[in-house]
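Peer 1: Listed below are the residues making up each chain.
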Amino acid sequence: MRGQKNELNHAGYRRTAGDKTFDTLNTIFFALFMLLCLFPFYYLFINTISDNDLVARGAINFWPEGLTLSNYIALKNVSDLGTAFLVTAGRTILGTISMVLVSAFAGYLVTKKEMAHRQFFYRMLVITMYFNAGLIPTYLNIRMLGLTDTFWVYIIPALVMPFNIILVKTYIESIPPDLEESALIDGAGYFKIFTSIICPLSMPILATIAIFGAVGHWNSFVDSLIYNQTAIQLHTLQHVLYTYLNKTSNLAALMNSGADANAAAAAAESALNNKVIKYTISMVTILPILMVYPFMTRYFQKGIMLGAVKG
Amino acid sequence: MDATLSSRPKQRTSTADILYYVLRIAVLLAMALMFFPDLSPAKVTALINKSVSLFSAGLSYNALIADSGRPLRLGWVQAGSFQILHFGSMAAVLGIVFAGACGCMSLGNLRLKRLGNVFGIAGGALIIAGMGMTYIAYHQFAVIVEKADRIAAVLPNAIYLFALLGMLVLLASVGVQLILPRAAKTDEYKMAARYRLMLMFLPIAVLAFVFAYLPLYGWRYAFYDYRPGGELSADTYAGFKYFTMLVQNEATRNDMIRVLRNTLAMSGLGIAVSWLPLVIAILMAEIRSKFFLRTVQTIITIPNFISWVLVYAVALAMFNTDGFVNSFLGLLGIQSDANYLMGNEHIWLKMLAWGMWKGVGWSSIIYVAAISGIDVSLYEAATVDGAGRFQKMRYITLPSLMPTYMVLLLLSVAAILSNGMDQYYVFQNAQNTSTIEVLDLYVYNIGIGEGTSIPLSTIVGMFKTLISLLLLFIANRTSKLVRGESIV
Chain A
1 MRGQKNELNH
11 AGYRRTAGDK
21 TFDTLNTIFF
31 ALFMLLCLFP
41 FYYLFINTIS
51 DNDLVARGAI
61 NFWPEGLTLS
71 NYIALKNVSD
81 LGTAFLVTAG
91 RTILGTISMV
101 LVSAFAGYLV
111 TKKEMAHRQF
121 FYRMLVITMY
131 FNAGLIPTYL
141 NIRMLGLTDT
151 FWVYIIPALV
161 MPFNIILVKT
171 YIESIPPDLE
181 ESALIDGAGY
191 FKIFTSIICP
201 LSMPILATIA
211 IFGAVGHWNS
221 FVDSLIYNQT
231 AIQLHTLQHV
241 LYTYLNKTSN
251 LAALMNSGAD
261 ANAAAAAAES
271 ALNNKVIKYT
281 ISMVTILPIL
291 MVYPFMTRYF
301 QKGIMLGAVK
311 G
Chain B
1001 MDATLSSRPK
1011 QRTSTADILY
1021 YVLRIAVLLA
1031 MALMFFPDLS
1041 PAKVTALINK
1051 SVSLFSAGLS
1061 YNALIADSGR
1071 PLRLGWVQAG
1081 SFQILHFGSM
1091 AAVLGIVFAG
1101 ACGCMSLGNL
1111 RLKRLGNVFG
1121 IAGGALIIAG
1131 MGMTYIAYHQ
1141 FAVIVEKADR
1151 IAAVLPNAIY
1161 LFALLGMLVL
1171 LASVGVQLIL
1181 PRAAKTDEYK
1191 MAARYRLMLM
1201 FLPIAVLAFV
1211 FAYLPLYGWR
1221 YAFYDYRPGG
1231 ELSADTYAGF
1241 KYFTMLVQNE
1251 ATRNDMIRVL
1261 RNTLAMSGLG
1271 IAVSWLPLVI
1281 AILMAEIRSK
1291 FFLRTVQTII
1301 TIPNFISWVL
1311 VYAVALAMFN
1321 TDGFVNSFLG
1331 LLGIQSDANY
1341 LMGNEHIWLK
1351 MLAWGMWKGV
1361 GWSSIIYVAA
1371 ISGIDVSLYE
1381 AATVDGAGRF
1391 QKMRYITLPS
1401 LMPTYMVLLL
1411 LSVAAILSNG
1421 MDQYYVFQNA
1431 QNTSTIEVLD
1441 LYVYNIGIGE
1451 GTSIPLSTIV
1461 GMFKTLISLL
1471 LLFIANRTSK
1481 LVRGESIV
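Those protein sequences? They're chains A and B, same order as listed. Sequential numbering of the first sequence, starting at 1, is according to our numbering. Sequential numbering of the second sequence, starting at 1001, is according to our numbering.
Derived by calculation from the structure, the hints in this document are not laboratory data. The C-beta atom is built at its ideal place from N, Cα and C for all residues, glycine as well. Hints may contain errors.
[What the hints assert, rightly or not] Taking lysine-lysine and the DSSO-like style, the derived pairs with C-alpha atoms no more than 30 Å apart in a straight line are:
id: 1; chain 1: B; residue 1: LYS1350; chain 2: A; residue 2: LYS275
id: 2; chain 1: B; residue 1: LYS1190; chain 2: A; residue 2: LYS192
id: 3; chain 1: A; residue 1: LYS112; chain 2: B; residue 2: LYS1350
id: 4; chain 1: A; residue 1: LYS192; chain 2: B; residue 2: LYS1480
id: 5; chain 1: B; residue 1: LYS1480; chain 2: A; residue 2: LYS113
id: 6; chain 1: A; residue 1: LYS192; chain 2: A; residue 2: LYS112
id: 7; chain 1: A; residue 1: LYS247; chain 2: B; residue 2: LYS1350
[Unchecked claim] Some chain A residues flagged as far from chain B (calculated, every beta-carbon gap over 10 Å):
id: 8; residue: ASN61
id: 9; residue: LEU67
id: 10; residue: ILE73
id: 11; residue: ILE97
id: 12; residue: GLY146
id: 13; residue: ILE156
id: 14; residue: LYS169
id: 15; residue: GLU181
id: 16; residue: GLY187
id: 17; residue: ALA188
id: 18; residue: ALA207
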């Protein structure tokens, strides 16, 4: 639809010299913009797959040389990275699914006018979007509930997301009510209607909030930092990456300490250095996002449209 | 509503209803209070951690004995006492859950109500039994002579409170059960739709309450000399000491001024460039090739979807001593080993730049969405009138985007104190803390990071919340006045 409008927008007049100059400059501007966004990732990537001696000398700037995957293979010796990956993948999958289910069900329930005290409950949800008690009271509350140093602190507090519930509610309200009414007459219960009619019809919005939720879970590290400070085995990938980025000690030695002699020798041979290790861990953390990103864009756009309507 | 309900004699119904209200209030109270460590009946000795509520005591034996490892090893106290306490608390929690089930079922028809009352009776009995066991545990601690000062057995008032609530539940459900007539066995368990819906929603409301409203209870820490592991009691009550400290203590006051300046400067810079995404969106709409447009949209939004830690990783790769910029300068024959991330210079601008690198592409997509909503006939009419491309940008696209821009501008003004801590936390180092520390980061640093002052950081958080609410209110009012519609 956008594309069509663009054509209409541009049709109907001849391109003057000024237009051509503008178009060229515009294209150059966006090309540079894209370069600015992509180059850092490209730079990280080529440094992780190049010969480590060259990387150490700062010789890899624009293209890879001496291709090798040894850095990625060496990462298997970093045991806390594997744990962090499992924790993060676990919270992303579990957290996203549960959040979407809760949002969908809550969004459906608040559309039901016959619900007792509906206004009260709905307002109670919406208000929470605009205030929070602050970092310390929130932390003390979580600690009081015994959720600190547990995996569940990543999942449970993030179950009820008022904004997502509003998005689902708005979407469900746009579904023709006759579908639901006829099912009600056929004797289906609310839950049955929710699972067999509302859920399938709301898939686009559920996919959108799922993707936003998943990205949020994958990227979050402040909750790990605050609530699970001392529970190192529960640190998320981003948190572990941050720890590594700030380590100035010899990471190569650290990595090899737990590994067997062969791996240690291999790592020493490949002249692993701090820089490369940091780059490689960063790359491993970025890759999942970059790989699914192209498939997600169309949901992002949809999400932003809905957000704009609401905002 | 229901045939069996309305056919009952009027007088009896109302007595039952009153009893049910008593029961529901008792259940709600018990449900809320079992999460408060201050009101935990299980805290019968000083050996139990102060942050253990009745709920945690009933759910986790480890939480109950977290602080008692040494006394248990040395044999001052018996594990059996703790186990009695644990099972007592568990019984009470289970009883409260049962009573809650009774409260829910009390909204149903006669058959369901009578079933619910059985739960209520069991629940009330369990709560009372749990308190009884707690008392036995207390007694076991109290009779120990050796190290009595360390064990410091006390009988918490909360025992009486929960026993009372249990009694109310028990009596109310017994009473209702006696008042209500028997239901025919042929009746089905039923509940009116409006209550069924409400009960389905209840868990969600409870979650929202526990994680969004309950933290407000933590504001009381602002009034106590609280240190991690300490307690809130009359002894540590500090009144408004920390409030006055905020303005009277010179070091604290200077900190506040510095932090506020950083916050306002960085938010202000962000607002000052907030028109940039709008311009980029207008330029984006002028792209002719659909393929190129889609590519641009995809690529420039990527940085928005990586975490701040990864932005920091990227920053290190580019600007560290051995990063790209220095290597590139080396290629040009300029030797440089500057570390552009370490120092204290131009931090506000650097943070603005990173914020923009991450967010400008995404923000402009919002305006692209708005542009696609502009009525095409406006452009057609303008073309017919002989308007050129730039005139259409200037007189159609730009004015059409202004409402969206105003909304976002007002929202960002309302959020002027909330920069979040992620970005500033990852870029923070020993050299730049003084200029990078925004309010959110300051709250973290003094409250959790260095753990120097929980009361003070609670107060700062309180003020932040209240001022933000006020700003939002003002922004909303402004929007209503100017645009005739609210933004929130």
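Peer 1: Mind checking the alpha carbons of LYS192/A and LYS1480/B for me, to see if they're no more than 30 Å apart?
Peer 2: Violated, because 42 Å separates the two Cα atoms, which is more than 30 Å.
Peer 1: Does the claim that GLU181/A lies off the interface hold, with its Cβ farther than 10 Å from every Cβ of chain B?
Peer 2: holds, 13 Å
Peer 1: Just to be careful, I want the Cα atoms of LYS247/A and LYS1350/B compared with a cutoff of 30 Å; is the pair within it?
Peer 2: With a Cα-Cα distance of about 23 Å, the restraint between LYS247/A and LYS1350/B holds, given a limit of 30 Å.
Peer 1: Check the non-interface label on ALA207/A: least C-beta distance to chain B beyond 10 Å or not.
Peer 2: holds, 16 Å
Peer 1: Since ILE97/A was said not to touch the interface, does its Cβ keep a gap of more than 10 Å from each Cβ of chain B?
Peer 2: At roughly 16 Å from the nearest Cβ of chain B, ILE97/A sits farther out than 10 Å, so the non-interface label holds.
Peer 1: Regarding the assertion that ASN61/A does not contact chain B, is the least Cβ-Cβ distance greater than 10 Å?
Peer 2: The claim breaks: ASN61/A does not keep its Cβ more than 10 Å from every Cβ of chain B (closest is about 5 Å).
Peer 1: Does LYS192/A pair with LYS112/A here, judged by a C-alpha cut-off of 30 Å?
Peer 2: Holds, at roughly 14 Å.
Peer 1: Can you confirm whether the C-alpha distance between LYS1350/B and LYS275/A stays at or below 30 Å?
Peer 2: holds, 23 Å
Peer 1: Would the non-interface assignment of ALA188/A survive a Cβ cutoff of 10 Å against chain B?
Peer 2: Per Cβ check, ALA188/A is outside 10 Å of chain B; nearest 12 Å; holds.
Peer 1: Just to be careful, I want the Cα atoms of LYS1480/B and LYS113/A compared with a cutoff of 30 Å; is the pair within it?
Peer 2: Satisfied, since the Cα-Cα distance of roughly 28 Å is no more than 30 Å.
Peer 1: Please verify that the nearest CB of chain B lies beyond 10 Å from LEU67/A's CB.
Peer 2: holds, 19 Å
Peer 1: Measure nothing beyond the straight line between the CA atoms of LYS1190/B and LYS192/A; if it is 30 Å or shorter, mark the hint as holding.
Peer 2: holds, 17 Å
In summary, the structure is inconsistent with hints 3, 4, 8, 12 and 13 from the numbered list given earlier, while agreeing with the others.
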